[in-house]
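I would like the entire structure built from these sequences, with the hints used as guidance.
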Amino acid sequence: MAITANDMWETLRAHEAWLVNPRTGRRADLSGLTLNDDDFSGVKLGRAVLEGVTFLDANLANADLSGSDLERADLKRANMAGADLTGADLTAADFSGAWLTNACLSDCTVRDAWFRKAQMQRLQMQDAAVNSTTFREAMAQAASFHQARFYDVDWSASDIGAAQFYRCRLQHSKFTGITASGASFAGARLDHCDFSKGELDDVKFPRAQITQCSFRDANLRRADLREARIQGGEFNRAVLDGARFSGAQLMAADFRGANLRGARDLTQEQLMQALTDAGTILPNGSKGPYLRFSGAEKLR
Numbered sequence: 001m002a003i004t005a006n007d008m009w010e011t012l013r014a015h016e017a018w019l020v021n022p023r024t025g026r027r028a029d030l031s032g033l034t035l036n037d038d039d040f041s042g043v044k045l046g047r048a049v050l051e052g053v054t055f056l057d058a059n060l061a062n063a064d065l066s067g068s069d070l071e072r073a074d075l076k077r078a079n080m081a082g083a084d085l086t087g088a089d090l091t092a093a094d095f096s097g098a099w100l101t102n103a104c105l106s107d108c109t110v111r112d113a114w115f116r117k118a119q120m121q122r123l124q125m126q127d128a129a130v131n132s133t134t135f136r137e138a139m140a141q142a143a144s145f146h147q148a149r150f151y152d153v154d155w156s157a158s159d160i161g162a163a164q165f166y167r168c169r170l171q172h173s174k175f176t177g178i179t180a181s182g183a184s185f186a187g188a189r190l191d192h193c194d195f196s197k198g199e200l201d202d203v204k205f206p207r208a209q210i211t212q213c214s215f216r217d218a219n220l221r222r223a224d225l226r227e228a229r230i231q232g233g234e235f236n237r238a239v240l241d242g243a244r245f246s247g248a249q250l251m252a253a254d255f256r257g258a259n260l261r262g263a264r265d266l267t268q269e270q271l272m273q274a275l276t277d278a279g280t281i282l283p284n285g286s287k288g289p290y291l292r293f294s295g296a297e298k299l300r
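Note that the numbering used here numbers the sequence shown so that position 242 is 242, with each residue one more than the last.
Derived by calculation from the structure, the hints in this document are not laboratory data.
Among the hints, a few may not be true.
List of simulated lysine-lysine pairs, DSBU-like, C-alpha gap at most 35 Å [unchecked claim]:
(1) Lys-287 with Lys-197
(2) Lys-117 with Lys-76
(3) Lys-117 with Lys-298
(4) Lys-117 with Lys-44
(5) Lys-197 with Lys-44
(6) Lys-298 with Lys-287
(7) Lys-76 with Lys-44
(8) Lys-197 with Lys-117
Cβ pair distances, simulated, as ranges [what the hints assert, rightly or not]:
(9) Val-20 with Ser-246: 49 to 59 Å
(10) Ala-129 with Asp-29: 21 to 31 Å
(11) Ala-142 with Ser-31: 28 to 38 Å
(12) Tyr-151 with Asn-6: 36 to 46 Å
(13) Tyr-166 with Ser-41: 23 to 33 Å
(14) Gly-32 with Gln-212: 37 to 47 Å
(15) Gln-212 with Asn-284: 20 to 30 Å
The beta carbon of each residue, even a glycine, is placed where N, CA and C say it ideally should be.
Structure, rendered in C-alpha cells:
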C-alpha cells in the first residue's frame with residue numbers, strides 16, 4: 001500500500017503533536033505501508049504503530065523510533081545509523097544488511113528477528129530480551145550488550161571484537177567461528193553456548209559462570225578466566241597459551257587434547273578438578289595427563 005507525500009507529512013506532523021499532547025494530535029499508524037527508498041532521516045516516530053511496514057533501503061538515520069511497534073517490519077538494508085529504538089518491539093522484524101552503527105536498541109523486545117550481515121558497530125543493546133534471533137555474519141565491534149538476555153541466539157561467523165557482554169545471560173546460543181578479539185563477558189552467565197572454532201584471543205571472562213559450553217578448536221590465547229566458575233564443557237584442541245586462571249574453578253572441564261602451554265596461574269588443585277589426557281599439553285610444555293605433584297602446572 002502506498003501513501004502520498006502530503007498524507008505522510010500530515011501523519012508525521014499529527015504524530016509529533018500527539019507525542020506532546022495526545023488530545024491535540026494523532027498517533028501514527030503506518031502498518032503495512034511500503035516506504036522503500038524514502039528519506040526519513042531524523043523523523044520522530046516514537047511509540048508509533050509500524051507493524052508490517054516495509055522500509056527497504058530507506059534512510060532512517062538518527063530517527064526516533066523509541067517505544068514503537070515494529071513487529072514484522074522489513075528493514076533490510078535500511079540506514080538506521082544513530083537511530084533510537086529504545087524499548088521498541090522488534091518481534092519478527094528483519095534488519096538483514098541494515099546499518100545500525102551507533103544505534104540504540106536498549107530495553108527492546110527481540111524475538112524471531114533477523115540481523116544477518118547487519119552493520120552494528122558501537123550499537124547499544126543494554127537490558128534487551130533477545131530470543132530465537134540470528135546475528136549471523138553481523139559486524140558488531142565495540143557494541144554494548146550490558147545485562148541483556150540472549151536465548152537461542154545465533155552469532156555464528158560474526159565479528160564482536162571489543163564488544164561488552166557485562167553481566168549478560170546467554171543460554172543455548174551459537175558463537176561458532178566467531179571473531180571476538182578483546183570482547184568482555186565479565187560477570188556473565190553462559191549456559192550451553194557453543195564457541196567452537198572461535199577467535200577469542202584476549203577475551204575476558206573474569207567472574208563469569210560458564211556451564212557446559214563448548215570451546216572446541218577455539219583460540220583462547222591470553223584469555224582472562226580469573227575467578228571464572230567453569231562447570232563441565234569442552235576445550236578439546238583449544239589453544240590457551242598465556243590464558244590466566246587465577247582463582248578459577250575448573251570442575252570437570254574437559255581439557256583433553258587442549259594446548260595449555262604457557263597458561264598462567266594454574267594450580268595443582270585446579271588441574272586435578274579438570275580432565276586431561278595424553279593429548280593435553282600442560283603449562284610447562286610437557287604432555288598430559290596431569291599427575292599430582294608433577295609440577296607441570298608451573299611455567300618452564
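Checked hints:
About 23 Å separates the Cα atoms of Lys-287 and Lys-197, which keeps this hinted pair within 35 Å; it holds. For the proposed pair Lys-117 and Lys-76, the alpha carbon gap of about 10 Å is at most 35 Å, so the pair holds. Our distance criterion of 35 Å between C-alpha atoms is broken by Lys-117 and Lys-298, whose separation comes to about 44 Å. Pair hint Lys-117 plus Lys-44 holds up; C-alpha atoms about 27 Å apart against a cutoff of 35 Å.
In summary, the hint linking Lys-197 to Lys-44 is not supported, as the alpha carbons are separated by about 43 Å, beyond the 35 Å threshold. Our distance criterion of 35 Å between C-alpha atoms is met by Lys-298 and Lys-287, whose separation comes to about 13 Å. Taking the CA atoms of Lys-76 and Lys-44, the gap is about 20 Å. The hint holds against a cut of 35 Å. For the proposed pair Lys-197 and Lys-117, the alpha carbon gap of about 19 Å is at most 35 Å, so the pair holds.
Evaluation of the 49 to 59 Å hint for Val-20 and Ser-246 yields a pass: the beta carbon distance comes to about 56 Å. Hint check: Ala-129 to Asp-29, Cβ distance near 25 Å, so the stated range 21 to 31 Å holds. Between Ala-142 and Ser-31 the beta carbons are some 35 Å apart, a value that agrees with the proposed interval 28 to 38 Å. A hinted range of 36 to 46 Å holds for the C-beta pair Tyr-151 and Asn-6, which are about 45 Å apart.
Tyr-166 and Ser-41 have their C-beta atoms about 32 Å apart, which keeps the hinted 23 to 33 Å range intact. At about 44 Å, the CB distance of Gly-32 to Gln-212 agrees with the hint of 37 to 47 Å. Distance hint check: the CB atoms of Gln-212 and Asn-284 are about 29 Å apart, consistent with the given range 20 to 30 Å.
Of the numbered hints stated above, those contradicted by the structure are hints 3 and 5, listed in ascending order.
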